[in-house]
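Colleague: In case you want the letters, here they are:
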Amino acid sequence: MLKKYKPFLHAGAIDTMAYRFNILIWAGITVCQVACLVFLWLAVYRSNAGGMDAEIHGFTYREMIAYVVLTTIFGFVTFNNDTLWNINNDIKKGTIGNYLIKPISYRGKFAATSLGNLATMTVMFGLPFYTAALVILRSLGFLPDLSFPAFFAHLGLFLAAGLCASLLNDTIAYIFGVLCFYTSSGWGLNSLKTTLISFLSGTLLPLAFFPAGLRELVNWMPFAGMSQNPVLILMMKYDLARSLRCVALTAAWIVALELFAKLLFSRAVRKVTVHGG
Amino acid sequence: MIEVNDLSKVFRKPIRGNGLAGMVKTLFSRQYEEVRAVDGISFTVPDGEIVGYIGANGAGKSTTIKMMCGILTPSSGSVRIDGAEPYRKRRQVAQHIGVVFGQKTQLWWDIPLIESFKVLKEIYRVSDADYKERMDFLGEVLDITRFLSQPVRTLSLGERMRADLAASMLHNPRILFLDEPTIGMDVLVKEKIRLAIHTLNKTYGTTVVLTTHDMTDIEDLCSRIILLEKGAILYDGPLSQLRNRFGNLKTLTLTVPAEVRAETAPVLSPELALDQEEGRLILRFDADKLPLEQVIQYAFRDLRAMDMKIAEISVGDVVKTILAQQEAEYAEKV
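Each protein sequence line maps, in turn, to chains A and B. Using the working numbering, you'd call the opening residue of the first sequence number 2 and step up by one each time. Using the working numbering, you'd call the opening residue of the second sequence number 9 and step up by one each time.
Just chain A, same shape as in the assembly (with noise of 0.2 Å):
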């Protein structure tokens, strides 16, 4: 049955190269705020009155740097997904109704184009960008011995975190897509999911300095899984038990929010109005 799916999964590897110089602009403009983002918190660290080695809500500015340094990286490679936006198109645009007569799920095209795009990206840019960040970061004396097993036991953790991550982006963008059907705001919408997920994943600020009850409940939803849990996987900074939780944790999220994206789609597609032709 998922064999329907592949030219789908090759579509998203294929397309994600066509627009490599896009991917290549994004990346410079990735690196210049990372450097940004590298000086602001260098800068609270200066400034905090326990002096510069002293921790911010259980973090180093060393581990800060790192953590700044490898979130922008991991959302880069992840989060390179245009569900939303091809939703808002086939809807304005009536090109839905071509997926509607074929016998395939308008969910695992998109699942499978963006697990194309997320193989892609993983190859062509976090390979290298990784190996990178963690070499110098590890030099530089940011991050802790990376040694073997133990490393390779979060490593392995980490990949299975950001498929996780992944998926679960795309899941959300699919059911920011869908609402579309009902506003057809796909500008709008965009905007409120970027805005939620940056805010709520840690990506903007480590989920640590949100106020405590806030924190707690931020840590249940599925967002923290998207960015900041990976990440702290991927530094060693939770131990194996925490990070598998992290994991499984987002796989029921992934489950839960599909039936409800199943769900959702199935009310939304008797909305759809395509007129003459």
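There could be a bad hint or two in this list.
Unchecked claim - Result set (BS3-like, lysine-lysine): computed pairs, CA atoms no more than 25 Å apart in a straight line:
id: 1; chain 1: B; residue 1: K129; chain 2: A; residue 2: K5
id: 2; chain 1: B; residue 1: K297; chain 2: A; residue 2: K94
id: 3; chain 1: A; residue 1: K5; chain 2: B; residue 2: K258
id: 4; chain 1: B; residue 1: K328; chain 2: B; residue 2: K258
id: 5; chain 1: B; residue 1: K210; chain 2: B; residue 2: K258
Unchecked claim - Listed below are several chain A residues computed to face chain B (Cβ distance under 7 Å; list not exhaustive):
id: 6; residue: K5
id: 7; residue: G29
id: 8; residue: N99
id: 9; residue: L101
Stated by the list, open to error - Chain B regions said to be covered by chain A (calculated; three or more residues, Cβ under 8 Å):
id: 10; region: 55-61
id: 11; region: 131-144
Read the hints as simulated data drawn from the structure, not as lab findings. Where a beta carbon is used, it is the ideal one built from N, C-alpha and C, also for glycine.
With chain A fixed as given, assemble chain B onto it according to the hints.
Modeller: For chain B alone, kept in the frame of chain A given last:
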């Protein structure tokens, strides 16, 4: 087999005010207008039949097709394709139907045509042997082999339409829905498309539902037509009966000397309509009421005809007459 039972589709359309003031008002209070695009229609299409589904623009043809192939969900009533409702069992039904919308391509725009076919092969799980057989067959009847390696966006409209048709037939569907497959095509391409539909129907026994504005399509292909107007069925039956609905109408076109004019010509019978058209006279009559022989004698003797052409009324004229009558009745009611 297609079973359509008391099928309706109602669209809700917000009523927008005019101008800036009207637009602001629409923001706060929304009123909706209900449009009944399809209004309680029923029919059954048995396996292997080619049905022409015709009617004016906006009569509800495309809406019906979209409900039959699972894109739109009916407001009430039901559609069953071999027993399953397409909007409920979308994927199951999709495996056995093929759809072409003449206005829109379903092929992937930027990749070579052959790649689109390969994608469809995977999606429909067509076996290698079937794929080869089908590609040979379609390549021949639709003449698409020549441009298989070109990206779809570089194809001409006629080539693209043939490619779209081939794409819809690749998985050998039991039912084919064709929504204006000959729109914008030249005569030769139209002929090719008709021949392909005909061959497919004969070879595989495929059921075809076809909408078109081209009556030649209907006359060449369809044994049965369903005529739709304002969302309701006006006529459902064999083509031959529709033609005779207004009697055995005939048209005689005469070449006559310049001095013979419609206004001054002797009158044979009130049953005969006489029209002038640049040096020719057009005679319209019902051959069941006024024998053809009598009219021909009259043409040579009284009108001094030098040449003559006899034609039966075309299906297009019949449909035009029905629709015009309907329009007049509708105008009277309002």
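Colleague: Would you mind marking each hint as holding or not holding in the structure?
Modeller: Right, here's what the structure says about each hint:
1. K129(B) x K5(A): Roughly 9 Å separates the two Cα atoms, so the pair holds.
2. K297(B) x K94(A): violated (54 Å)
3. K5(A) x K258(B): violated (56 Å)
4. K328(B) x K258(B): holds (16 Å)
5. K210(B) x K258(B): Violated, because 33 Å separates the two Cα atoms, which is more than 25 Å.
6. K5: With Cβ-Cβ at 5 Å, under 7 Å, it holds.
7. G29: violated (26 Å)
8. N99: holds (5 Å)
9. L101: Constraint on L101(A) satisfied, holds at 5 Å.
10. 55-61: violated (count 0)
11. 131-144: holds (count 3)
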